[in-house]
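Chains as they are written, first to last, in the working numbering: chain A, 4 to 88; chain B, 888 to 1033.
For the record, the hints were derived by calculation from the structure and aren't laboratory data.
Only a predicted model underlies this, so the values are computations on that prediction, with no experimental measurement involved.
For each residue, glycine too, the CB sits at the ideal point set by N, CA and C.
Cross-link-like lysine-lysine pairs, in silico, DSS-like; alpha carbons within 30 Å at most:
1. B:K904 to B:K889
2. B:K942 to A:K7
3. B:K967 to B:K889
4. A:K42 to A:K5
5. A:K42 to B:K1005
6. A:K7 to A:K42
7. B:K1005 to A:K55
8. A:K55 to A:K7
9. A:K74 to A:K55
10. B:K1005 to A:K50
11. A:K7 to B:K1005
12. A:K42 to A:K74
13. B:K909 to B:K889
14. B:K942 to B:K904
15. A:K55 to A:K5
16. B:K942 to B:K908
17. B:K942 to B:K909
18. B:K942 to A:K74
Covered by chain A, per the in silico footprint, the following chain B stretches (three or more residues, Cβ under 8 Å):
19. 929–936
20. 961–974
21. 985–997
22. 1001–1009
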Amino acid sequence: MKVKLLFFAGLREQLGTAAEEIELPAGVNTVAALRLHLKSRGEAYEKAFSEKALVRTAVNQDMVQPGARIKAGDEVAFFPPVTGG
Amino acid sequence: MKVSVQREDFDLSAEVKALSKKDTSIGAVASFVGIVREVAMMLEHYPQMTESSIKRIVEEAQSRWQVMDCTVIHRYGELKPSDQIVLVAVASAHRGDAFAACEFIMDYLKTRAPFWKKEHRPEGARWVEARAADDDAAERWAGKGR
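So that you can see chain B by itself, here it is in the shape it has in the complex (with noise of 0.2 Å):
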């Protein structure tokens, strides 16, 4: 597993091909990128809770499906629109259970891991209210899996 913090972006393609060259059991890899939309932002974090946060997020997926290794890197600080914020590439041996620990991980990891996202809008800097339907996307696992 990994899990990288960090101001620097990273290339989806080089991670990937990291993650599928780990194991020749490794069938499919489902990756997830998030990109800034329309305004710039400042990402804050709590640096000694975030990696850990994400490790047991990720902890999770594994107890609930097969996966293989898992990469988990998310940026902090000044972003501007269409920069890249998170990736989350999941190898499994087969695609059912990549994608579903991908949508899994990138579900909790919206409403457990501690990032803030402040805006600078036109009109001033805002921060990010919560989405009561980022919630509802990770309350629906609850229960769910292998």
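Chain A on its own, in the form it takes in the complex (with noise of 0.2 Å):
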């Protein structure tokens, strides 16, 4: 399934990537699943997504945490904890 992925603030720089859809292989049906198929893309994922990196996760503008499922068209965003206000 496709699923359109978002990264902002420092981890979007990290990454060099705004935005992107991608194909995701059979059985990454939740956000930590998604995190550790993240992962598996190279140094700067690797670090991006390691244990202890804090990164937190929307789904569909909803945060959630590393148990909720996705499904296809879902919009996945990935950033650091939040510092408005």
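Two chains, two frames, some hints: make the complex.
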């Protein structure tokens, strides 16, 4: 299935990309599995999604926990903890 | 409820006046203005999510306190020291609800609305790191309210 990925702030700069569409391998259907999958995409991703990296996730503009399901067509955004206000 | 995410500055007095005139049973407006401290910065946000996340925070406040109306304005883009960043103004019949809801909305906004600050420091630009104290401030509202 295809999903849209978005990266923000420091994470966007670290990965050198703001948005992309990717085809996910079968079985990658949770946020945790997607993060694991992204980690395998090379050094920058491995570092960005390492265990100690603080990365938050929103699915279709809703903040979610790693166990959240993802389905075809979802917009999955990754970003550092927010610092507004 | 008015929620606006904008580049432009805002006028506290005009916003508070507009809020207080909405209903004659409004007896209190509590407002908070966040100001850029010391260093110029760029504020990035997640446009499709920002407004909806702020609306959800205001709705949460409305479920806990008597909030008759509310205005939240958050700026993004380039900001200089002493610029206004954020406004939260809450109208209620009495001050207690207005104060509490205003503080609650700010605390939640700090930890849940998708904004990120990048400071332009003399030694180079630097993303601001989230503070544990902000998480603690939001956490203390768990289970509180009317």
